[in-house]
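Participant: In case you want the letters, here they are:
There are 4 protein chains.
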Amino acid sequence: MSAASASADSQDWDIDGDTLREECGVFGIYGHDDASAITALGLHALQHRGQEAAGIVSYDDGVFHSERRQGLVGDNFSDRGTIERLAGRSAIGHVRYSTTGGTILRNVQPLFAELAGGGLSVAHNGNLTNALTIRRELVQDGAITQSTSDTEVILHLAARSRKPRIVERFIDALQRIEGAYAIVALTNKKLIGARDPMGIRPLVLGELDGRYILTSETCALDIIGARFIRDVENGEIVVISEEGVESIRFSERRPMRPCIFEYIYFARPDSVVNGKSVYAVRKAIGRELAREAAPEADIVVPVPDSGVPAALGFAQEAGLPFEMGIIRNHYVGRTFIQPTQTVRELGVRMKHSANRAAIEGKRIVLVDDSLVRGTTSVKIVRMMRDAGAREVHFRIASPPITYPDFYGIDTPEREKLLAATHDLEGMRKYIGADSLAFLSIPGLYRAMGEEARDEASPQYTDHCFTGQYPTELTDLAIAGPKRLAMLAEAD
Amino acid sequence: MSAASASADSQDWDIDGDTLREECGVFGIYGHDDASAITALGLHALQHRGQEAAGIVSYDDGVFHSERRQGLVGDNFSDRGTIERLAGRSAIGHVRYSTTGGTILRNVQPLFAELAGGGLSVAHNGNLTNALTIRRELVQDGAITQSTSDTEVILHLAARSRKPRIVERFIDALQRIEGAYAIVALTNKKLIGARDPMGIRPLVLGELDGRYILTSETCALDIIGARFIRDVENGEIVVISEEGVESIRFSERRPMRPCIFEYIYFARPDSVVNGKSVYAVRKAIGRELAREAAPEADIVVPVPDSGVPAALGFAQEAGLPFEMGIIRNHYVGRTFIQPTQTVRELGVRMKHSANRAAIEGKRIVLVDDSLVRGTTSVKIVRMMRDAGAREVHFRIASPPITYPDFYGIDTPEREKLLAATHDLEGMRKYIGADSLAFLSIPGLYRAMGEEARDEASPQYTDHCFTGQYPTELTDLAIAGPKRLAMLAEAD
Amino acid sequence: MSAASASADSQDWDIDGDTLREECGVFGIYGHDDASAITALGLHALQHRGQEAAGIVSYDDGVFHSERRQGLVGDNFSDRGTIERLAGRSAIGHVRYSTTGGTILRNVQPLFAELAGGGLSVAHNGNLTNALTIRRELVQDGAITQSTSDTEVILHLAARSRKPRIVERFIDALQRIEGAYAIVALTNKKLIGARDPMGIRPLVLGELDGRYILTSETCALDIIGARFIRDVENGEIVVISEEGVESIRFSERRPMRPCIFEYIYFARPDSVVNGKSVYAVRKAIGRELAREAAPEADIVVPVPDSGVPAALGFAQEAGLPFEMGIIRNHYVGRTFIQPTQTVRELGVRMKHSANRAAIEGKRIVLVDDSLVRGTTSVKIVRMMRDAGAREVHFRIASPPITYPDFYGIDTPEREKLLAATHDLEGMRKYIGADSLAFLSIPGLYRAMGEEARDEASPQYTDHCFTGQYPTELTDLAIAGPKRLAMLAEAD
Amino acid sequence: MSAASASADSQDWDIDGDTLREECGVFGIYGHDDASAITALGLHALQHRGQEAAGIVSYDDGVFHSERRQGLVGDNFSDRGTIERLAGRSAIGHVRYSTTGGTILRNVQPLFAELAGGGLSVAHNGNLTNALTIRRELVQDGAITQSTSDTEVILHLAARSRKPRIVERFIDALQRIEGAYAIVALTNKKLIGARDPMGIRPLVLGELDGRYILTSETCALDIIGARFIRDVENGEIVVISEEGVESIRFSERRPMRPCIFEYIYFARPDSVVNGKSVYAVRKAIGRELAREAAPEADIVVPVPDSGVPAALGFAQEAGLPFEMGIIRNHYVGRTFIQPTQTVRELGVRMKHSANRAAIEGKRIVLVDDSLVRGTTSVKIVRMMRDAGAREVHFRIASPPITYPDFYGIDTPEREKLLAATHDLEGMRKYIGADSLAFLSIPGLYRAMGEEARDEASPQYTDHCFTGQYPTELTDLAIAGPKRLAMLAEAD
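Protein chains in written order, with the working numbering: chain A, 17 to 507; chain B, 17 to 507; chain C, 17 to 507; chain D, 17 to 507.
The following block holds chain A by itself, in its conformation from the complex (with noise of 0.2 Å):
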């Protein structure tokens, strides 16, 4: 996330920022024919990590191409012109939120720089919590900078390493950064990725026809049928090259730290992350929840797509009927986007409508995945008794958001964060509901398999809930997010 990104989001129709956003998702491919096509596909199976800009750099003999644009991958690259254009056999490609206004083009990655010992390409999912410390340093040492983006950084800090090898000042650079981050990077001859000391984001190697890909969620690998063949580690640099695979580690062996987020709300449900199902945690989740806090009910209701299958997990727990009591309308698009404030005063109705037939004179437990400034939950829970439902319950497949993220969420500010400046009654009457709980630490814990958190060294990232951040967090000191000039460039 960097210190430019924007809160709200018109993809999603949340008028309110009334959730929670990731900045990215990285795809890579060594050595295959198809390889700008591939890193497309790759990038569509992706979209839901970002967006709002997308982008793919190809290598072919002595060459990169670039093609970076705003909108859907689906309506950017997938005609026969682009494709063409992004000519080679190797690629890497990135899909992002983007930044406020008039939306700076020069952020959308991949980030490209010809280095002395040639070009390095670059796309990074997650954000660095030293990024501001170290531009501070390139600039007071004559740097430019032309974004404002944390990958720049990386570039920086790989320019000026003196080191002859590309990987070894690519390693240099990594040894300079902290914070989270996923890296895929492109070079004349090698395809290298990188994962954080925590391995806060994701990043898994899979192959096809025998060529190696790196990506951020094995969901990229299904679209294309590549076979999954391992996570990349925390700490670990996979550099792929014509004489395969190599890891190096860049820091020293620890127990990896995922960030917990992405099982509860960005991955795709159909995703392994780190060797776990989204969809088994999720509906696991679910049940769990169910045994902290089923109530008396009749049926038990997901706000959709991202409360399914924790719905499910509980509705079959609690012995309740699971029924599609909120339906979706998938076409929302990119729209309303200069909304009348009749279509403002709507809001949530224009993305889900209550389906009066199911819910009406019910007692509906209603679950959603998580928590952030309430705003959308009390439209939702207005709407369920505007069609009749008799009772509302509301579960909450988390537990309370209190604590700002920096490492590629985009979080509101604490004080906007509902949990940190109510307490259960407080949220519960907020949002209008009978009643509300949300789960536990140690029901969170459970679902993922564990028997408890471990306080010292926690399994998880789960800062966002706890406040224990698993980095330093070294800019915070001089960041303040709006400082960075040149934001209103219309490219």
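Calculated directly from the structure, the hints in this document are not laboratory data. You may find that some hints are simply not true.
One copy or two, either will do: identical chains are not told apart, so a pair holds if it fits within one copy or between any two.
[Unchecked claim] Here are the computed lysine to any residue pairs in the SDA-like style, where the Cα-Cα straight-line distance is at most 25 Å:
| id | residue 1 | residue 2 |
| --- | --- | --- |
| 1 | K367 | D225 |
| 2 | K395 | D95 |
| 3 | K205 | D157 |
| 4 | K367 | Q86 |
Based on these hints, arrange chains B, C and D on the given structure of chain A.
Facilitator: Just chains B, C and D, lined up with the frame of chain A:
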């Protein structure tokens, strides 16, 4: 369905045309300050009835304003400028599937004509079965036709009526046409609704802030918080003016015979069509199907999203777990329009992917709403097997489709309907399932709440399953769907 | 000029509407392999006759193809795809000024209709003086009108003719209309040209590779290397088919009375109109003007580009040096459409700038083609003085415009014509010149090669100077230009 | 001229690349309330110096705003929204020719960088002759280069300077570079102008409402009514701040040696460059040419528009009538980009057409500004003959071009320069004229007001005619113009 309509639809990434398409949805409101904004919202809720083009005509103090666009409602009718250009307190709107190639914006509705007595704008859902015949007579008599739509025929007939008042002229026109139609029309004084003598296509009357609304489905009332009053009857004209609502019958009273496909596939599950909840009907269909053909299996998996309610009903009746074994990618957008060969071969995976964790090693019951050409089913079954399903039992929540439609549903030619050319075992082999079953006609009528189908006078328009068409098919003698010229207009 | 036409034109940065506009240019070719490409080139050469929209209709083996676009010909009809969609060996095309606001693409020509005997496409330059009257009758009789253009009236009249053959129907239509027109029309077998009984608007017959061409000006023949054959006569229909060219008279033979403004302003200087070189006429006008009103001065400066030939003639006759004292910026494009206030105040300088080195300290004769509202002249005189001109003597290469046009020239209302409301001294004061002179009517006729104007039967249509209109003005009784609805269409 | 710049230009329909191109024009204003709107107007007046892209950077209260677009200034910088986004009281702007293929928006200027001491934005007209050499050193030392423009090299050099103040850093940078440049730069406190030690590219200082302006040509002052103060001197830096104008010399004082092509071709005729009226110089060139090589002839015809002043001077000196024998079509726009073969063959006629009435049967002197490849001249001579010219005497208002430029003019490779490979008679035969003559070098210097060319220290940069380059050509040893990667960016 106009004669020139297309069977392919890029919107849903339906490469093979293996689906049914409905041409239109309509909406109209009389006397409301936010007439155009409300119409846009209503059309947004009807977007599932037609995603290629949309139009709104408003009437303001002597002038009719019109905006007609290709693309989604939300992308085209959400900005303040467009809504402000559509000034006035009455408006009608239309969403539609579009025609071949360059798309004929001339065919985008509502259409408009100045008649001797004033302006008349018409939006139409359905298809006439004698439009070509009438068009031929009109041209012979000196009329100029600008579009290829049936709706223009209605305008011509009204224009040529010798009656003094526009409503009378409109009735004159309706008495010449045959087929299926739900029409909303706007004059400088009135909003008019009309439904064909069989009531094949739906049309409902609603109310918001004391102002009347006419629209295709109740979901368009729900989105704006309007109240459902009643269905417009078959053979009824509803005339809304400052004096209130006037009802006129233009055909003899007879039992309604609505299109059963609205329940099976077209209408949104949260709509109530002719007094029946679509969601409830679909669940009932699933239950009937389970009673008729539940196999030994481990889980029930819907083909999302349209198969979900029937699969829920099936799972509940069969006592099997319901699982989201297929994940839908909601970002397909209007995308991959000119796919590379690599993409084309991937076919269904652009939109659907297997949730391996849920289905691996399982015997699954796959529930889909209908079977048209079967090409998509082949791919879905193969995808399930690739993801490790042990057995795949395909269950279709409707009877076999063996006849084409002529009333506004875009069905393939008969020889491309799988059930018209294969027996059950042949179909099973074609799609590669371990077993295959369709809902029976009696089961379908039971799910509709009937004891049995009335063979003499069927309660529903069901010719796609039975070959019993509800009206004359006058044009069938002369039509060839491609004769109308001037198609390549890039307006 | 249709009733809904606009007086403002962003193309030439004419903020004040201080100019005359002609509505159209037409082109047609029969039986040539490159029919559409050649039509596009011909329209490009006619671009000065209308820059807001263009259209081409071609006929190919039973099907009419149509492409109609807003903007320049070169921007819209130069790519291979568009030309290939316009398949066929015969084509007609049209350039036009467009209408207010959203622009009505429905009004972009050529229009098309299917008549009983086959398709008929029509492109029209000129304006009818009884179109509204006929339109009113047509609507009364049940016709539906889709556009507001006069051309549609012709189609309706042809459609309603009881004659069996299309050419006969077309003649029937022409015999009902009055006003100015040069028409090219295309049927499935023929290319038809027609010129009104006065020959007000120009139309010429040419030939390329043995194939016939009809077009507004000879410059459209020159661009494609075609040979000029002859002018189409007033009251003549030319029917081109596989059998060759057939000439039919549809009105009694009388002397031609072409629009004199074609020579003064509209036609391109390299065109030969009705046998006279436009460039030569303009130079002759300049010479006459010098004879009538040459002041003591140092140099002659044209207002570019239209004033150049007259200024050359003036300079030669007066024995004064010709100097480019005003430089035109050719990059204005379709630009500064929504100018800021700062820009608006700069007005004329966006397009013209003073060449200080040429005019400083000089007594200059400024030669412009015509004076309409005078607002631009004010600015140009001031610009000359700001650049140091010692004296500014304004000379207008036409008589004072005191009456509006109704034949296809877009003139302001009479009260906005400077010469209709001011005497010579008043005009001089208004524009701020040291002296002002117009060409006299006798001088104009001398420049045309006539001894004198035939007052009983003028050799040219010159009502803007004389008030003597060449035809009835039937519509004037009923027209109000703004009554026609449905203008805001953003097609 | 960057190494990657293109020789083709669709703007002027220059299919053959038979023309010279200049890369840029610059404009800057300090401390004015309408800074951005005025900059847009200034750039509009400089549009002839670069039509493919434009950019403006403004500074407002701590933030630099930037808008960079492809296309004409008027099409991109005229709407209120764009101007409002460019808030602030100081701004700089740039127009440019663009690069190959997809156009690299990264190369559109002004560029911007945050240096240690604050932001620096730079716009640059000209070309450095050691940019590649410096770039190579920079990359070796860890710099990341984002664009392929020379301008970025200046930013890097300033960034790496160890001087504390930005103006000092900027001077450090200038002292490292060689070649031609007129630069405007903006910091958070100052507007800076700089002109290379030879003064090859022009730069003037002006004033409006007491506020200072720096720009390439005086025509950009005239459009806004600003007052010309003086030329910036060669080797001078002008620093404008709240304290007024400060002048700093960064190279030893020596005679200026401005590019003579500004007079012959590039500058607008109404500009005054280095104290000389461009229009007056061109007329003087025409007179010299007439003295040197006036043939027996009937009329003098300019190749419009750039040949007009020389043709006027020629006609006056030779005592021959000046006639507009070639008419230019001003609507070519950015058009016919993908011409069909039919169009391509027509070549020059898209833009120019013969005025047959003026030239038929005449012996004509055709005056053009320069001869590059000669391909257009061939077509124009043929067009004159096709239109009936009896004799065609071609006169070129400059000496033969025999050497390429490296200072910001886009010349073809040497082997494509007609005069570098043919003698006079060979050229005459190639273009098909009856006679051909160029202006002599002495004639050119006389037209400039010099007695003779100072062979030891020429008064003008004239290497294209003489091969005497004014600076070192350091890069020539290493350059190949196509090595820079990442060109296909479709930003």
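Participant: So, for every hint listed, does it hold in this structure?
Facilitator: Each hint, compared with the structure:
1. K367 to D225: Intra 40 Å, inter 23 Å, cutoff 25 Å: inter-copy only.
2. K395 to D95: between (40 Å within a copy, 23 Å between copies)
3. K205 to D157: Cα proximity of K205 and D157: across copies only (22 Å, versus 30 Å in one copy).
4. K367 to Q86: So K367 and Q86 pass the 25 Å test inside a copy (23 Å) and across (21 Å) alike.
The earlier numbered hints are all upheld by this structure, with none contradicted.
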